[in-house]
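Undergrad: Whole structure, please, built from the sequences with the hints as guidance.
Quick mapping for you: the protein sequence lines, in order, are chains A and B. So for the first sequence, my numbering puts the first residue at 1; every next one is plus one. So for the second sequence, my numbering puts the first residue at 1; every next one is plus one.
Where hints are given, some of them may not hold.
[Said to hold, decoys possible] Straight line, CA to CA, 30 angstroms or less: simulated DSS-like cross-link-like pairs of lysine-lysine: (1) Lys42(A) / Lys296(B); (2) Lys119(B) / Lys42(A); (3) Lys48(A) / Lys93(B); (4) Lys154(A) / Lys127(B); (5) Lys328(B) / Lys42(A); (6) Lys93(B) / Lys154(A); (7) Lys127(B) / Lys48(A); (8) Lys119(B) / Lys48(A); (9) Lys119(B) / Lys154(A).
[Claimed, not checked] Some chain A residues well away from chain B (every beta-carbon gap over 10 angstroms; in silico): (10) Met25; (11) Asp26; (12) Tyr29; (13) Ala68; (14) Thr93; (15) Gly101; (16) Ala107; (17) Gly144; (18) Glu158; (19) Ile247.
Honestly, the hints are just simulated from the structure, not real lab data. Cβ atoms here follow ideal geometry from the backbone N, Cα and C, with glycine treated the same way.
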Amino acid sequence: MRALVAAIALLVALGTTHPAAAHPMDVGYLRIDLDGSAARIKLDIDVKLAALLLGTDEHTMDDATLRARTAELATATYRAAAVTSGEAACTWTTTVAELHGRTVSLADRAECPSAIRTLHWAVPFAARAPSTFKLLVKAHGAGGEQASIVDRDKPTIEVTGGAPASVGFGDFVWTGVSHIGAVPSEWRDADGGLKLPDGIDHIMFVLALLLAGGSIRQLAGITTGFTIGHSITLALSTLDVVRPPAIIIEPLIALSIAVVAAEALSGKLPKYRWKVATFFGLIHGFGFARALQDFDLSKVNTVEALFGYNLGVELGQLTIILLFAPLVLLAHRNPRTRFVVVKIAPALILVCGLYWFVQRILVHA
Amino acid sequence: MVMFKEVEIRSWSRLLACAAGGFFLGALIVGVVLLRGRTVGGNAPAARALTTLAGPDLSPDPAVVHYKFAITQAATDRADMASTIAALEARIKQFGKSPYDYNEVAEQYLRRAQEDGDKADYDAAEKAATASLAIIRNPNAGLLTLAKVLSARHDFREAIALANEQLAQKKSAGAYGIIATAELALGELPQAMDAANTALVMKPDTGNYMMRALVLEAQGRDAEAAFDFARAAAVESYGDAPGSAHLRALWGRFLLRRGDYAGAQLVLAEALRIVPEFPLATAQEAELALRMGHAKEAAAEFETAFVASRQVRYLIDQARAQELAGDKPGADSLRDQVETIVRGELDEGGLGHRLDLVEVLVDRNAKISEAIALAQDEVTRRPSVMSRFQLARALARSGDTGAAMTQVQAALATGAHEAELYELAARLERQKGGGPRAAMYEREADRYDPGRSGWRALGMDGK
Numbered sequence: 001m002r003a004l005v006a007a008i009a010l011l012v013a014l015g016t017t018h019p020a021a022a023h024p025m026d027v028g029y030l031r032i033d034l035d036g037s038a039a040r041i042k043l044d045i046d047v048k049l050a051a052l053l054l055g056t057d058e059h060t061m062d063d064a065t066l067r068a069r070t071a072e073l074a075t076a077t078y079r080a081a082a083v084t085s086g087e088a089a090c091t092w093t094t095t096v097a098e099l100h101g102r103t104v105s106l107a108d109r110a111e112c113p114s115a116i117r118t119l120h121w122a123v124p125f126a127a128r129a130p131s132t133f134k135l136l137v138k139a140h141g142a143g144g145e146q147a148s149i150v151d152r153d154k155p156t157i158e159v160t161g162g163a164p165a166s167v168g169f170g171d172f173v174w175t176g177v178s179h180i181g182a183v184p185s186e187w188r189d190a191d192g193g194l195k196l197p198d199g200i201d202h203i204m205f206v207l208a209l210l211l212a213g214g215s216i217r218q219l220a221g222i223t224t225g226f227t228i229g230h231s232i233t234l235a236l237s238t239l240d241v242v243r244p245p246a247i248i249i250e251p252l253i254a255l256s257i258a259v260v261a262a263e264a265l266s267g268k269l270p271k272y273r274w275k276v277a278t279f280f281g282l283i284h285g286f287g288f289a290r291a292l293q294d295f296d297l298s299k300v301n302t303v304e305a306l307f308g309y310n311l312g313v314e315l316g317q318l319t320i321i322l323l324f325a326p327l328v329l330l331a332h333r334n335p336r337t338r339f340v341v342v343k344i345a346p347a348l349i350l351v352c353g354l355y356w357f358v359q360r361i362l363v364h365a
Numbered sequence: 001m002v003m004f005k006e007v008e009i010r011s012w013s014r015l016l017a018c019a020a021g022g023f024f025l026g027a028l029i030v031g032v033v034l035l036r037g038r039t040v041g042g043n044a045p046a047a048r049a050l051t052t053l054a055g056p057d058l059s060p061d062p063a064v065v066h067y068k069f070a071i072t073q074a075a076t077d078r079a080d081m082a083s084t085i086a087a088l089e090a091r092i093k094q095f096g097k098s099p100y101d102y103n104e105v106a107e108q109y110l111r112r113a114q115e116d117g118d119k120a121d122y123d124a125a126e127k128a129a130t131a132s133l134a135i136i137r138n139p140n141a142g143l144l145t146l147a148k149v150l151s152a153r154h155d156f157r158e159a160i161a162l163a164n165e166q167l168a169q170k171k172s173a174g175a176y177g178i179i180a181t182a183e184l185a186l187g188e189l190p191q192a193m194d195a196a197n198t199a200l201v202m203k204p205d206t207g208n209y210m211m212r213a214l215v216l217e218a219q220g221r222d223a224e225a226a227f228d229f230a231r232a233a234a235v236e237s238y239g240d241a242p243g244s245a246h247l248r249a250l251w252g253r254f255l256l257r258r259g260d261y262a263g264a265q266l267v268l269a270e271a272l273r274i275v276p277e278f279p280l281a282t283a284q285e286a287e288l289a290l291r292m293g294h295a296k297e298a299a300a301e302f303e304t305a306f307v308a309s310r311q312v313r314y315l316i317d318q319a320r321a322q323e324l325a326g327d328k329p330g331a332d333s334l335r336d337q338v339e340t341i342v343r344g345e346l347d348e349g350g351l352g353h354r355l356d357l358v359e360v361l362v363d364r365n366a367k368i369s370e371a372i373a374l375a376q377d378e379v380t381r382r383p384s385v386m387s388r389f390q391l392a393r394a395l396a397r398s399g400d401t402g403a404a405m406t407q408v409q410a411a412l413a414t415g416a417h418e419a420e421l422y423e424l425a426a427r428l429e430r431q432k433g434g435g436p437r438a439a440m441y442e443r444e445a446d447r448y449d450p451g452r453s454g455w456r457a458l459g460m461d462g463k
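TA: Below, the structure written as structure tokens:
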């Protein structure tokens, strides 16, 4: 491919009967896609500049050399200085390098501790590039697309995340529904394949409550308690009154799933279910608040945001219940399938809850 | 009352209602998702079928479009180029100054310059070619090498003078090719036609058929242009896959500009089959997507074309696509940066790009008086359709409808019939109150732009 594109240039150079064509400019290209607490980047630079930064001859830059020196090139370019979101440093994951014609492409992903509001990034390699070099930066975040130029005079990037300019009530409702995982898009990855949604833990929790069964009155009590619980902590967290760290909340959410599943399995505490649901609702509310933190709430009506988001969460949960309740009911009709619903399903959810509990403690430790 | 564990299902109607409610809500959510997908994925015009215009049948013959040869990758090695340059430089030092060596090294520098855009290589090519000519002025192939360098610097008149100087000594298709290219860029279409005809008579190959097709296209002689594009493909020879992709990219551009979207799609697909990610073909596919209403897809493809070629032209196009997709702030932000890049290039004594700057300024509706001054200067230097069109847009933005219309009429008088030109003419006529004439121009614009995605109205609002 590289040889082919070089040949294209030759064609232009040698052919006297081709229309006057513009020449390539001394411009690199950096694409940044902000997604919550992650930033995906793709840096495209000319092979000549890549060779210069690696202190080698451009003619030695082929696919094999590039693969062997990927980490070195990443360090010489975008990894030369720390990327920070707010005050916290972000961590790079894996670099992938490719050579297309005369273009060296480097792709990577930075993980930041929390949702990115403003990304600060020094790009010192611009100072080592020729004086004519300019790096065109295009950053795509929730607030739309921003373009900027990095060169010797301005070797830094500042990208603002935040909410879309015209975020409204419907967007908050949709965010709530999506957060629960009650929309098909949450079950698809970027390539269209199947994946577990981010809200799978909430789905498991709701399923565990459903499997525990009970009368309509008991079910209403559980649902109301859970809603009141998560509404309170969602509001407290969103308004920044109480915001417990994820290291506490995330394992507790996992534990709540295990507890409710265990109760569904034993069926020994039906009278206390609404109290348990209310208590766990308080914990889940802090988890729900994370999705709202991706919005810049200073620019929107907070009451509208809270109400819309809460409504979305409720709709999401209702969808899960309405989709699974008929199945559960039908399963109860047959002794064999009833066993699955009464014993196996809660047991599986219990295992999932315990697994997540341990995993989240280890991740945050 | 509905029970699970206790299995106290008392009401089947409740169960059914429950199930129906679940499916209803699920269907509702799936419907909303699909609806959102539609808004994101494409606009209403996307639903329109591929359309071909009424008029001369330009549709390409698939058998001719098809590349007949095995697709092999050309073995071009930049290392070879560098070592050739080094060897030639060493030979000049060791054995004294030979006009042939100087010209050879100038050719090599020019090849490399056009590959990577390095201005130092253009300078080196010019210096070596000049040194060659200082030893023997004529006959010397250095005249054509220098003419190519000057053409790359957009100094078209000087390039023509040099080619003519060579022709006075020796007739060559190469010299006529340079003249045709430069005259076309200047907008001097009759002279370009004469040169292209002569080159073709001397050497009826793919390049010369393509050159004449481009001149015919500029003159609005569509049926003849279509014939020459097809001839260019029919006579192509083995071993020049990039040349064949280039031909089809220009052929595809011609077809899409004439509203033959199906034909354009066929030809561009073949160009990309021959050379995947060929920038000019990718950009034309993007333009096709833009005209068919797939603005987001077009923006992504223009971005791909820019990354592969580093041609600032594609960034300007990407901004148009972004604006059409509804992201005006993002488009303007990109245009700001394009302005910075182009100004930096011009400050460095860069090659051309003044019209790019005019286009960006007019698109942003900023610094219009500067845009007018720049465009007027360009029209004086090279009165091409593009120069006149950009000047007309700038004048229209400033509110000088009469002067804008003069430029549009001059552009149309060359035989050009681009949809955006008719669009501007229609708008200017409407502002003057010329309803019937405006309607006529609008019909012409629609004829060449059957997709009607709204792209051609971008940046055309008056003051």
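Undergrad: Confirm or reject each hint.
TA: Going down the list of hints, with the structure as the test:
no.	hint	result
1	Lys42(A) / Lys296(B)	holds, 19 angstroms
2	Lys119(B) / Lys42(A)	holds, 27 angstroms
3	Lys48(A) / Lys93(B)	holds, 27 angstroms
4	Lys154(A) / Lys127(B)	violated, 34 angstroms
5	Lys328(B) / Lys42(A)	holds, 23 angstroms
6	Lys93(B) / Lys154(A)	violated, 42 angstroms
7	Lys127(B) / Lys48(A)	holds, 23 angstroms
8	Lys119(B) / Lys48(A)	holds, 14 angstroms
9	Lys119(B) / Lys154(A)	holds, 23 angstroms
10	Met25	violated, 5 angstroms
11	Asp26	violated, 7 angstroms
12	Tyr29	violated, 6 angstroms
13	Ala68	holds, 18 angstroms
14	Thr93	holds, 22 angstroms
15	Gly101	violated, 6 angstroms
16	Ala107	holds, 12 angstroms
17	Gly144	violated, 5 angstroms
18	Glu158	holds, 14 angstroms
19	Ile247	holds, 33 angstroms
Against the hints set out earlier in the document, violations occur for numbers 4, 6, 10, 11, 12, 15, 17.
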